[in-house]
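Given next are the chains, with one letter for each unit.
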Amino acid sequence: MTMKSVNQKAWFFVLPVLVLVAFNALIPMMTVVNYSVQETFGDNLFFWQGLDWFQQILTSERFHNALGRQFLFTGLILVIEVPLGIAIALSMPKKGFWVPVCLVTMALPMLIPWNVVGAMWNIFTLPDIGLLGYFMNHTLGIDYNMTQSPFAAWVTIIVMDVWHWTSLVVLLSYAGLVSIPDAFYQAAEVDGASRWAVFRYIQLPKMKQVLTIAILLRFMDSFNIYTEPFTLTGGGPGNSTTLLSIDLVKIALGQFDLGPAAAMSLIYFAITLLVSWLFYTLMNRDVQQVDKPTDH
Amino acid sequence: MKKRYIVPTLYILFLMLPIYWLLAMSFKTTGEILSGFTLVPQTWTLDNYRVIFTDPTWYWGYINSITYVAINTIISVCVALPAAYAFSRYKFLGDKQLFFWLLTNRMAPAAVFALPFFQLYSAIGLFDTHLAVALAHCLFNIPLAVWILEGFMGGVPKELDETAFVDGYSFPRFFTTIFLPTISAGVGVAAFFCFMFSWVELLLAKTLTAVAAKPIAATMTKTASSAGYELGLLAAAGALTIIPGAVVIYFVRNYIAKGFALGRV
Numbered sequence: 001m002t003m004k005s006v007n008q009k010a011w012f013f014v015l016p017v018l019v020l021v022a023f024n025a026l027i028p029m030m031t032v033v034n035y036s037v038q039e040t041f042g043d044n045l046f047f048w049q050g051l052d053w054f055q056q057i058l059t060s061e062r063f064h065n066a067l068g069r070q071f072l073f074t075g076l077i078l079v080i081e082v083p084l085g086i087a088i089a090l091s092m093p094k095k096g097f098w099v100p101v102c103l104v105t106m107a108l109p110m111l112i113p114w115n116v117v118g119a120m121w122n123i124f125t126l127p128d129i130g131l132l133g134y135f136m137n138h139t140l141g142i143d144y145n146m147t148q149s150p151f152a153a154w155v156t157i158i159v160m161d162v163w164h165w166t167s168l169v170v171l172l173s174y175a176g177l178v179s180i181p182d183a184f185y186q187a188a189e190v191d192g193a194s195r196w197a198v199f200r201y202i203q204l205p206k207m208k209q210v211l212t213i214a215i216l217l218r219f220m221d222s223f224n225i226y227t228e229p230f231t232l233t234g235g236g237p238g239n240s241t242t243l244l245s246i247d248l249v250k251i252a253l254g255q256f257d258l259g260p261a262a263a264m265s266l267i268y269f270a271i272t273l274l275v276s277w278l279f280y281t282l283m284n285r286d287v288q289q290v291d292k293p294t295d296h
Numbered sequence: 001m002k003k004r005y006i007v008p009t010l011y012i013l014f015l016m017l018p019i020y021w022l023l024a025m026s027f028k029t030t031g032e033i034l035s036g037f038t039l040v041p042q043t044w045t046l047d048n049y050r051v052i053f054t055d056p057t058w059y060w061g062y063i064n065s066i067t068y069v070a071i072n073t074i075i076s077v078c079v080a081l082p083a084a085y086a087f088s089r090y091k092f093l094g095d096k097q098l099f100f101w102l103l104t105n106r107m108a109p110a111a112v113f114a115l116p117f118f119q120l121y122s123a124i125g126l127f128d129t130h131l132a133v134a135l136a137h138c139l140f141n142i143p144l145a146v147w148i149l150e151g152f153m154g155g156v157p158k159e160l161d162e163t164a165f166v167d168g169y170s171f172p173r174f175f176t177t178i179f180l181p182t183i184s185a186g187v188g189v190a191a192f193f194c195f196m197f198s199w200v201e202l203l204l205a206k207t208l209t210a211v212a213a214k215p216i217a218a219t220m221t222k223t224a225s226s227a228g229y230e231l232g233l234l235a236a237a238g239a240l241t242i243i244p245g246a247v248v249i250y251f252v253r254n255y256i257a258k259g260f261a262l263g264r265v
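Protein chains in written order, with this note's numbering: chain W, 1 to 296; chain F, 1 to 265.
Don't take every hint at face value.
No farther apart than 30 angstroms at their CA atoms in a straight line, the calculated lysine-lysine pairs in the DSSO-like style are these [to be verified]:
hint, chain 1, residue 1, chain 2, residue 2
1, W, K208, F, K158
2, W, K208, F, K3
3, W, K94, W, K208
4, F, K158, W, K9
5, W, K4, W, K208
6, W, K9, F, K96
According to the in silico footprint, chain W covers these stretches of chain F (three or more CB under 8 angstroms from chain W) [what the hints assert, rightly or not]:
hint, stretch
7, 8–17
8, 99–109
9, 195–204
These are calculated hints, taken from the structure and not from any lab test. We put the CB at the ideal spot given by N, CA and C, even for glycine.
Given only the sequences and the hints, what does the whole structure look like? Please build it.
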């Protein structure tokens with residue numbers, strides 16, 4: 001690591017970013033905070049409501065259920081996609097013609113607009129005319145219909161997300177792997193290191209920085225996921241796949257309960273922030289500890 | 001073929017199946033799609049594509065999307081470059097807190113901010129313009145661009161800057177003629193990520209537009225529901241949304257692996 005010099009004028013470099021992001025973040029955030037403590041009647045009538053909405057949301061079973069489903073979904077996504085992504089990256093070719101082929105085909109799902117992904121999987125899984133649905137029902141004889149069975153709906157949104165986003169983990173881990181100099185592997189071979197030791201002491205530490213990005217991005221995006229599951233099932237059957245964002249939009253735009261919706265957004269945002277901060281500090285501290293001995 | 005390549009091969013097959021299904025459907029007539037399951041189109045038709053390329057409501061959707069995505073990518077990368085340089089080279093008051101605060105903006109659920117965004121952009125008279133969507137997407141793209149670029153710049157030794165200054169380069173000249181070419185891979189990767197996230201985002205894009213700047217994905221939702229359920233047309237429109245992304249990724253494919261490697265060691 002190169003030493004950084006103290007230079008307060010660096011603020012000027014950061015200024016355009018600050019202005020643009022603050023404009024987009026602070027003003028809407030203030031609006032949300034404003035709504036969260038007020039009750040509205042009609043157009044411009046606002047009444048001070050205090051923290052009632054927060055109390056209402058925090059004690060409501062509906063919120064607890066949506067939050068539970070959200071944590072289950074995100075947990076499953078991280079547990080499946082991160083190891084799977086690393087495994088695929090490890091077994092990818094390092095040089096030659098197949099590298100760009102793999103990279104391009106793997107990145108394709110991420111480049112499809114989110115509602116197209118949802119619509120595509122919706123038709124793909126239809127029991128009578130969709131490829132997957134037809135295969136499951138008519139060839140394998142498994143009763144699979146995500147509009148009727150909550151279990152099938154869950155399997156579908158998980159598989160859809162794995163299809164959609166595992167490549168992000170693959171691309172980032174692969175980039176980390178490619179950066180390891182051959183000398184490291186040669187040294188390991190001389191020492192007679194096992195396949196597992198090479199992974200644990202050479203590949204994993206070198207991937208840690210990019211993995212931090214991958215895990216954080218996957219956490220943030222899966223925790224805020226809206227368009228894909230909404231287009232897929234609309235949160236159904238029943239409420240079985242109503243994740244936090246879907247529930248929030250139902251309250252805000254479906255029922256126009258702006259106060260509770262705003263309070264819920266703030267609680268939601270605070271949870272996202274807290275968990276991300278935990279990931280960020282834990283993984284950053286880890287990176288420094290692992291990197292120190294190999295620093296040159 | 002070596003045994004270890006089975007995993008990536010299977011994975012790619014799994015990725016391609018739904019995409020194949022979308023493509024196959026786009027060449028079928030809606031009647032055939034609804035009448036039952038066929039793996040390969042029985043009667044090939046280009047009608048779905050013909051509709052999209054001749055009907056202005058359809059092809060303007062693509063033009064609108066590409067326009068705001070391009071504006072957003074340019075803005076995001078241009079403002080992120082100096083900021084990332086500052087974060088990677090200097091210590092200044094509150095730098096670490098600022099960096100994390102930037103990241104937090106990527107966590108803001110778009111669903112939460114849809115309504116306030118609508119009010120904000122209506123108030124400043126930008127509603128239904130490409131610029132509105134491009135600016136709104138900066139909320140999540142700028143932090144990511146800064147993050148990625150900072151990583152790349154961290155990999156460039158500081159001696160490079162010092163040597164250039166000793167040689168009498170002014171800062172702007174150093175930045176454009178020496179530094180930028182050194183991290184060009186990073187710029188490519190950052191631009192790719194901005195492109196990708198702006199291209200696929202729909203909720204904000206839909207909220208901030210009505211007619212003049214409506215994105216293709218929103219055109220799909222609306223047209224599909226008003227014209228019954230024209231699955232073939234929908235599939236063709238969906239298939240076409242993949243193309244711009246595929247073109248971009250083809251151009252940055254080498255940067256993605258090599259580029260990240262450069263920055264994050």
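Each hint, compared with the structure:
1. K208(W) - K158(F): Holds, because 23 angstroms separates the two Cα atoms, which is no more than 30 angstroms.
2. K208(W) - K3(F): Given that 30 angstroms is the threshold and the Cα spacing comes to 27 angstroms, the pair holds.
3. K94(W) - K208(W): This hinted pair holds, its Cα atoms lying about 19 angstroms apart.
4. K158(F) - K9(W): holds (18 angstroms)
5. K4(W) - K208(W): holds (22 angstroms)
6. K9(W) - K96(F): At roughly 16 angstroms apart (the allowed maximum being 30 angstroms), K96(F) and K9(W) satisfy the hint.
7. 8–17: holds (count 7)
8. 99–109: That given contact holds, which follows from 9 residues of the stretch 99–109 of chain F lying within Cβ reach (below 8 angstroms) of chain W.
9. 195–204: Our answer is that it holds, as 6 residues pass the Cβ test (under 8 angstroms) against chain W, meeting three.
Comparing the model with each earlier hint shows no violations; every hint is respected.
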